[in-house]
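Just so it is clear: in the sequence shown, position 11 is 10 by numbering that gives the first Met the number 0, and no numbers are missing.
Some clues are possibly wrong.
Derived DMTMM-like pairs: lysine to aspartate or glutamate, alpha-carbon spacing no greater than 20 Å straight-line [stated by the list, open to error]: (1) Lys58 x Asp90; (2) Lys59 x Asp90; (3) Lys59 x Asp28; (4) Lys59 x Glu25; (5) Lys102 x Asp113; (6) Lys96 x Asp107; (7) Lys102 x Asp90; (8) Lys96 x Glu110; (9) Lys96 x Glu24; (10) Lys96 x Asp28; (11) Lys58 x Asp28; (12) Lys58 x Asp107; (13) Lys58 x Glu24.
Since the hints were made in silico from the structure, they are not lab data.
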Amino acid sequence: MPATITVPEMIEYSSNAGVTISVSEEANDLYAMVSQPGEHIVYLGKDESASRRRAANEKKWAELDPEIFELSGIIALQRRNNTRHAHLSLDGFDAAKAIEAGKLWNVDIPELADPDFVLTTVLVEQFLVRIAVRLGVPIGNSQFASQWESPIGSLPDRLAIWAVTADPFPTD
């Protein structure tokens, strides 16, 4: 069976690096597409528009016939996994906890100590995607799911490493 991750597992890993995420009933900037049954995350994304147009379009497109309409490949992912959207909320960031996690790796990221540092929606999206990547879990995302060079060593990638190594690494 392929490696997977659920929203509660993602929330737990996030907290290891000082990032507090929760599930929200209301649409937020962040969302996960989760399979039904199983509730496994297959895609992580963001929709920062006031109208939440991107997420709404994705849901609407999943109902269209892929033999008639040429749309994003996200439709196949949604249909194959019978997904639903889980709305995620960034509830807080404990920079001190992230700094402590970094010390275990002998890594200092000065921006985390800056009192004006803000963990943006884009950084959180990257961080959540990188958690899946660093766990070896296949994940869909339009920008940050690379297994290769680009994100390695970035702030979200380092936070993700710290998040997944705080607990025993899953092997099954």
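Worksheet item: Is Lys96 within 20 Å of Asp107, Cα to Cα?
Response: With Cα atoms ~13 Å apart, Lys96 and Asp107 stay inside 20 Å; holds.
Worksheet item: Has the given pair, Lys59 with Asp90, been kept, meaning a C-alpha gap of at most 20 Å?
Response: Violated. Lys59 to Asp90 sits at ~28 Å, over the 20 Å cutoff.
Fill in: 20 Å Cα cutoff - pair Lys58, Asp107
Given that 20 Å is the threshold and the Cα spacing comes to 41 Å, the pair is violated.
Worksheet entry | Agreement of Lys102 and Asp113 with the hint, judged by alpha carbon distance not exceeding 20 Å | Holds, at about 16 Å.
Practice prompt. Could you grab the alpha-carbon distance between Lys59 and Asp28 and see if it respects the 20 Å cut-off?
Written response: 18 Å, holds
Practice prompt. Would you check the hint for Lys59 and Glu25, treating anything up to 20 Å between C-alpha atoms as holding?
Written response: 18 Å, holds
Worksheet item: For the pair supplied as a hint, Lys96 and Glu24, is the alpha-carbon distance within the 20 Å limit?
Response: 28 Å, violated
Worksheet item: Going straight from one Cα to the other, do Lys96 and Glu110 come out at no more than 20 Å?
Response: Holds, at about 14 Å.
Discussion item. Hint check: Lys58 vs Asp90, CA-CA at most 20 Å. Holds or violated?
Written reply: 25 Å, violated
Practice prompt. Decide if the proposed pair is consistent with the structure: Lys58 and Asp28, CA atoms, cutoff 20 Å inclusive.
Written response: With Cα atoms ~16 Å apart, Lys58 and Asp28 stay inside 20 Å; holds.
Discussion item. Tell me if the straight-line CA distance from Lys102 to Asp90 falls inside 20 Å.
Written reply: 24 Å, violated
Worksheet entry | Pairwise hint evaluation, Glu24 against Lys58, where the allowed Cα distance is 20 Å at most | 16 Å, holds
The structure shown violates the earlier hints numbered 1, 2, 7, 9, 10, 12.
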